[in-house]
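All chains, full assembly: derive it from the sequences and hints.
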Amino acid sequence: MPKGTGVLSGRIWLFGDNVDTDQIIQGRYLTILDYSEMAGHAFEIPRPEFAGNVKRGDIVVAGENFGGGSSREEAPHVLLELGVGCVVAESFSRLFYRNAFNIGLPALIVPDITNSAKDGMTLEVNLVKGAVSVVETGQILHGQPLPRLMLEILRAGGAVPWYRKKKRKQS
Amino acid sequence: MIKLGKTLAEKLLGTHTETGKASAGEIVDASVDLLMVHEVLGSRILSVLEEMGVEKVWDPERILVVNDHWAPASDTQSAEIHIRNRRFVRQQGITHFCDVDCGICHQVLPEMGLVKPGDLVIGSDSHSTTYGAFNAFSTGLAATDSAIILATGKCWFRVPESIRIETTGRLPEMVMSKDLILKIVSDLGSSGANYRSIEFHGLTIDSMSVASRMTMCNMTVEAGAKCGLMTVNDAVRDWVSIHAPSAQWTPTLPDTDAEYLETIKIDLNSEPLGPIVALPHSPANGRPVSEVEGVRIDQAFIGSCTNGRLEDLEIAARILKGKRVNAGCRMVITPASRDTYLQALRSGYVETFVRAGAVVTNSTCGACVGGHLGVLGPGETCISSTNRNFRGRMGHPDSKVYLASPATVAASAIEGVITDPRRAA
Numbered sequence: 720m721p722k723g724t725g726v727l728s729g730r731i732w733l734f735g736d737n738v739d740t741d742q743i744i745q746g747r748y749l750t751i752l753d754y755s756e757m758a759g760h761a762f763e764i765p766r767p768e769f770a771g772n773v774k775r776g777d778i779v780v781a782g783e784n785f786g787g788g789s790s791r792e793e794a795p796h797v798l799l800e801l802g803v804g805c806v807v808a809e810s811f812s813r814l815f816y817r818n819a820f821n822i823g824l825p826a827l828i829v830p831d832i833t834n835s836a837k838d839g840m841t842l843e844v845n846l847v848k849g850a851v852s853v854v855e856t857g858q859i860l861h862g863q864p865l866p867r868l869m870l871e872i873l874r875a876g877g878a879v880p881w882y883r884k885k886k887r888k889q890s
Numbered sequence: 042m043i044k045l046g047k048t049l050a051e052k053l054l055g056t057h058t059e060t061g062k063a064s065a066g067e068i069v070d071a072s073v074d075l076l077m078v079h080e081v082l083g084s085r086i087l088s089v090l091e092e093m094g095v096e097k098v099w100d101p102e103r104i105l106v107v108n109d110h111w112a113p114a115s116d117t118q119s120a121e122i123h124i125r126n127r128r129f130v131r132q133q134g135i136t137h138f139c140d141v142d143c144g145i146c147h148q149v150l151p152e153m154g155l156v157k158p159g160d161l162v163i164g165s166d167s168h169s170t171t172y173g174a175f176n177a178f179s180t181g182l183a184a185t186d187s188a189i190i191l192a193t194g195k196c197w198f199r200v201p202e203s204i205r206i207e208t209t210g211r212l213p214e215m216v217m218s219k220d221l222i223l224k225i226v227s228d229l230g231s232s233g234a235n236y237r238s239i240e241f242h243g244l245t246i247d248s249m250s251v252a253s254r255m256t257m258c259n260m261t262v263e264a265g266a267k268c269g270l271m272t273v274n275d276a277v278r279d280w281v282s283i284h285a286p287s288a289q290w291t292p293t294l295p296d297t298d299a300e301y302l303e304t305i306k307i308d309l310n311s312e313p314l315g316p317i318v319a320l321p322h323s324p325a326n327g328r329p330v331s332e333v334e335g336v337r338i339d340q341a342f343i344g345s346c347t348n349g350r351l352e353d354l355e356i357a358a359r360i361l362k363g364k365r366v367n368a369g370c371r372m373v374i375t376p377a378s379r380d381t382y383l384q385a386l387r388s389g390y391v392e393t394f395v396r397a398g399a400v401v402t403n404s405t406c407g408a409c410v411g412g413h414l415g416v417l418g419p420g421e422t423c424i425s426s427t428n429r430n431f432r433g434r435m436g437h438p439d440s441k442v443y444l445a446s447p448a449t450v451a452a453s454a455i456e457g458v459i460t461d462p463r464r465a466a
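Residue numbers (my numbering), protein chains in the order written: chain W, 720 to 890; chain Z, 42 to 466.
Any given hint could be a false lead.
Said to hold, decoys possible - Simulated pairs of lysine to any residue, SDA-like, Cα-Cα distance not exceeding 20 Å:
| id | chain 1 | residue 1 | chain 2 | residue 2 |
| --- | --- | --- | --- | --- |
| 1 | W | Lys888 | Z | Lys364 |
| 2 | Z | Lys364 | Z | Gly398 |
| 3 | W | Lys884 | Z | Leu90 |
| 4 | W | Lys848 | W | Glu809 |
| 5 | W | Lys884 | Z | Val95 |
| 6 | Z | Lys441 | W | Tyr748 |
| 7 | W | Lys886 | W | Gly823 |
| 8 | Z | Lys224 | Z | Cys196 |
| 9 | W | Lys884 | Z | Gly94 |
| 10 | W | Lys885 | Z | Cys196 |
| 11 | W | Lys886 | Z | Thr117 |
| 12 | Z | Lys195 | Z | Lys364 |
| 13 | W | Lys885 | Z | Val69 |
| 14 | W | Lys884 | Z | Ile283 |
| 15 | W | Lys886 | W | Leu860 |
| 16 | W | Lys885 | Z | Val95 |
| 17 | Z | Lys224 | Z | Ile307 |
| 18 | Z | Lys62 | Z | Tyr301 |
| 19 | Z | Lys224 | Z | Pro313 |
| 20 | Z | Lys52 | Z | Lys224 |
| 21 | W | Lys886 | Z | Lys52 |
| 22 | Z | Lys195 | W | Gln889 |
| 23 | W | Lys888 | Z | His284 |
| 24 | W | Lys888 | Z | Lys441 |
| 25 | Z | Lys195 | Z | Asp70 |
| 26 | W | Lys885 | Z | Glu96 |
| 27 | Z | Lys62 | Z | Ser72 |
| 28 | Z | Lys364 | Z | Lys441 |
| 29 | W | Lys884 | Z | Ala192 |
| 30 | W | Lys886 | Z | Val69 |
| 31 | W | Lys886 | Z | Ser88 |
| 32 | Z | Lys441 | W | Pro767 |
| 33 | Z | Lys52 | Z | Lys364 |
| 34 | W | Lys888 | Z | Tyr301 |
| 35 | W | Lys885 | Z | Leu90 |
| 36 | W | Lys885 | Z | Arg199 |
Unchecked claim - Coverage of chain W stretches by chain Z, computed from C-beta distances (three or more under 8 Å per stretch; other residues unrestricted):
| id | segment |
| --- | --- |
| 37 | 735 to 742 |
| 38 | 771 to 779 |
| 39 | 800 to 808 |
| 40 | 841 to 850 |
In case anyone wonders, no lab produced these hints; they're calculated from the structure.
Here a beta-carbon is modelled for each residue, glycine too, at the ideal position from N, C-alpha and C.
See the structure below:
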C-alpha cells in the first residue's frame, strides 16, 4: 500500500466472473521455486498476453468470485510480482482475499465495477474510502471500505511485518 | 435482547478462543489443535518463516508434514521441495511426518488419528474442509497464515455465518454422497457459500460412512465455504475409537435456537437423486447424467482426497469385475492412501482393476492437480472422481474434465463414453 493517502491509479485489465486460481496460475507451475519465473505464467489461460504487457501499477478488475478454488498464495503473489497495484472485483473468494492482504496486495470489493470499467482505461482507487473512479468517463463507484484489520495488515506491508510489529509490542 | 443460540461453527471456534466465545461476524484469535502442511512448506512457507525470524515451531507434536502432491517427485523442483520438507522435519523434531509413501494429506491425517470431534484443524490446502466430517472445525489457509501458525499456534478467524442443510431419505443404488454434494454445490453456485459455514444435518448424513461424509465436507469449498460441519454419528465414533483410541473428546451439537442465514431441506424420498455430473469448467455445473450420456472420454480417473477411498474403489471394482476398459480410453486409479491401497489389495480390487486394463498408481494427488500420473493432453476429455474441473486443472488448457462419482467414472470407463452407472448394476 502506498504510504499515506491510500490512493492509487493504473491501467485496467478487465476480467469476467469466476476467474479461478487455475486461471490466475495453473497448478502445474506451483513447483517453480522462483516467483519471478512463475509470474511469467500469470493469467496464461484467459489472457496469455498479460504477463508480457502488464506494467507496474496496473489494476486487475474482475467480476464475481475472483480467485475461487485453491488456497494457493501464489495466485496473488504472481500479480504482486508483476507490479499489479490493486485488484478490484465485485466479490472475492475468501482465500484469495485473505492471501492478497497477507502479502500486501490490496483487494477492494466494488459492486458492478465490470459494467463501468473498460479494458485499457485508467482507474483511480481510494482504498480507505473504498471508492473508485474511471478517469476517462469520470464515473465514480462506491465499494466497501476496507475492514479495519485488513487496513492494519496492509499498512504494515503485509502479514509478516504486521506479525513482527505485534511481537515487538508484546515484548 | 433475546440471546440467540450458537451454530456448530460458533461453538467449535468458541472453545478455541481466550474468551471461550465466538459469534458470527466477529474476528477472533483462536488456538489451533493441529496444522497440516504439504509441499507448500518447502516451496513457500520456509522463506516466510525465515523472513519472520522464527527458529523454533510452536509445538512439534501438533504439526503434520505430508509430501503428497507430487509423490514421488515428478521433477527436480518437486524433489527439492521434498528435500526441504524432510530437512525441516528433522531439524524441528516434528513428530508427524508422511513422506512420499503415505498418501494424500486429507486421508492420512484422520488415519493417523490426528483429528477428533471438537478440534480446530488448519491445513495449507483448500480441501482442509474435509475434517468437518469428524465434528471438527477445519479450513484451509495458505503460506503466510501457515507460517504464523507454525510460529505461534494461533491465527485470526472471522467467525462465519452458517447455512443449514437438512437431508433425509436414502441414496439409491449406484448413487453416492458425491452425487449429493455435486447437487448441493450446483444449487448454491460456486460462491453461494463464500465466507460461510455449511452445517449438514439429517438422517441421510447420520447414516453415512466416514468416507461418504468426508467427500461432502471436502467439496463444500467448491461453493466457497469456509468449512463444512457435521455432528458425530456412529461411524465417526467407531473411527475415532480405532484411530485415536486414547483421545478424550465430547461431541458438539448446535443449539436448537441457533441462527442460520438459510435452511435448505432435501428430501431424497420425495425427490430421488440420480447420478450427477459436473460439466466443464466448474464444479457448480452439475447436471443429471442423462444430459451428458454418450460424451466420448479419453481418460477415466478415480482418486484424490474427494473420492479415492476404499468404498470408492469397492464400487468401482464391483462395476469393473470381469469387464474391460474400453479400447478408446484409458483408466487411472490412485488410492487415497497406503492403507487404502493395502485394503484394496487384500480385497482383490487391485487385481480386478489391473485385469480390466486400468493403471493403478501409488497414492498421491497426482492427476487431480495436473501434476503427474495422468496429465491430460490438448483436446482430451476426462471423467474424474475429483473435486475441480477448472480449465487446465488436470493438464492442457484445451482439455475438459467432467466430475462424477466413482461409480459413474467406472461405468463410463467400460463404455468409453459418459454412462449412467445404474445401467452397469
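How the hints compare with the structure:
no.: 1; hint: W:Lys888 - Z:Lys364; in the structure: violated, 68 Å
no.: 2; hint: Z:Lys364 - Z:Gly398; in the structure: holds, 9 Å
no.: 3; hint: W:Lys884 - Z:Leu90; in the structure: holds, 15 Å
no.: 4; hint: W:Lys848 - W:Glu809; in the structure: holds, 16 Å
no.: 5; hint: W:Lys884 - Z:Val95; in the structure: holds, 14 Å
no.: 6; hint: Z:Lys441 - W:Tyr748; in the structure: holds, 19 Å
no.: 7; hint: W:Lys886 - W:Gly823; in the structure: holds, 19 Å
no.: 8; hint: Z:Lys224 - Z:Cys196; in the structure: violated, 33 Å
no.: 9; hint: W:Lys884 - Z:Gly94; in the structure: holds, 12 Å
no.: 10; hint: W:Lys885 - Z:Cys196; in the structure: holds, 13 Å
no.: 11; hint: W:Lys886 - Z:Thr117; in the structure: violated, 37 Å
no.: 12; hint: Z:Lys195 - Z:Lys364; in the structure: violated, 52 Å
no.: 13; hint: W:Lys885 - Z:Val69; in the structure: holds, 16 Å
no.: 14; hint: W:Lys884 - Z:Ile283; in the structure: violated, 45 Å
no.: 15; hint: W:Lys886 - W:Leu860; in the structure: violated, 38 Å
no.: 16; hint: W:Lys885 - Z:Val95; in the structure: holds, 14 Å
no.: 17; hint: Z:Lys224 - Z:Ile307; in the structure: holds, 10 Å
no.: 18; hint: Z:Lys62 - Z:Tyr301; in the structure: holds, 18 Å
no.: 19; hint: Z:Lys224 - Z:Pro313; in the structure: holds, 12 Å
no.: 20; hint: Z:Lys52 - Z:Lys224; in the structure: violated, 28 Å
no.: 21; hint: W:Lys886 - Z:Lys52; in the structure: violated, 29 Å
no.: 22; hint: Z:Lys195 - W:Gln889; in the structure: holds, 15 Å
no.: 23; hint: W:Lys888 - Z:His284; in the structure: violated, 42 Å
no.: 24; hint: W:Lys888 - Z:Lys441; in the structure: violated, 52 Å
no.: 25; hint: Z:Lys195 - Z:Asp70; in the structure: holds, 7 Å
no.: 26; hint: W:Lys885 - Z:Glu96; in the structure: holds, 18 Å
no.: 27; hint: Z:Lys62 - Z:Ser72; in the structure: holds, 13 Å
no.: 28; hint: Z:Lys364 - Z:Lys441; in the structure: violated, 26 Å
no.: 29; hint: W:Lys884 - Z:Ala192; in the structure: holds, 14 Å
no.: 30; hint: W:Lys886 - Z:Val69; in the structure: holds, 18 Å
no.: 31; hint: W:Lys886 - Z:Ser88; in the structure: holds, 19 Å
no.: 32; hint: Z:Lys441 - W:Pro767; in the structure: holds, 19 Å
no.: 33; hint: Z:Lys52 - Z:Lys364; in the structure: violated, 50 Å
no.: 34; hint: W:Lys888 - Z:Tyr301; in the structure: violated, 38 Å
no.: 35; hint: W:Lys885 - Z:Leu90; in the structure: holds, 16 Å
no.: 36; hint: W:Lys885 - Z:Arg199; in the structure: holds, 19 Å
no.: 37; hint: 735 to 742; in the structure: holds (count 5)
no.: 38; hint: 771 to 779; in the structure: violated (count 0)
no.: 39; hint: 800 to 808; in the structure: violated (count 0)
no.: 40; hint: 841 to 850; in the structure: violated (count 0)
In this structure, the earlier hints numbered 1, 8, 11, 12, 14, 15, 20, 21, 23, 24, 28, 33, 34, 38, 39, 40 are contradicted, and the remaining ones agree with it.
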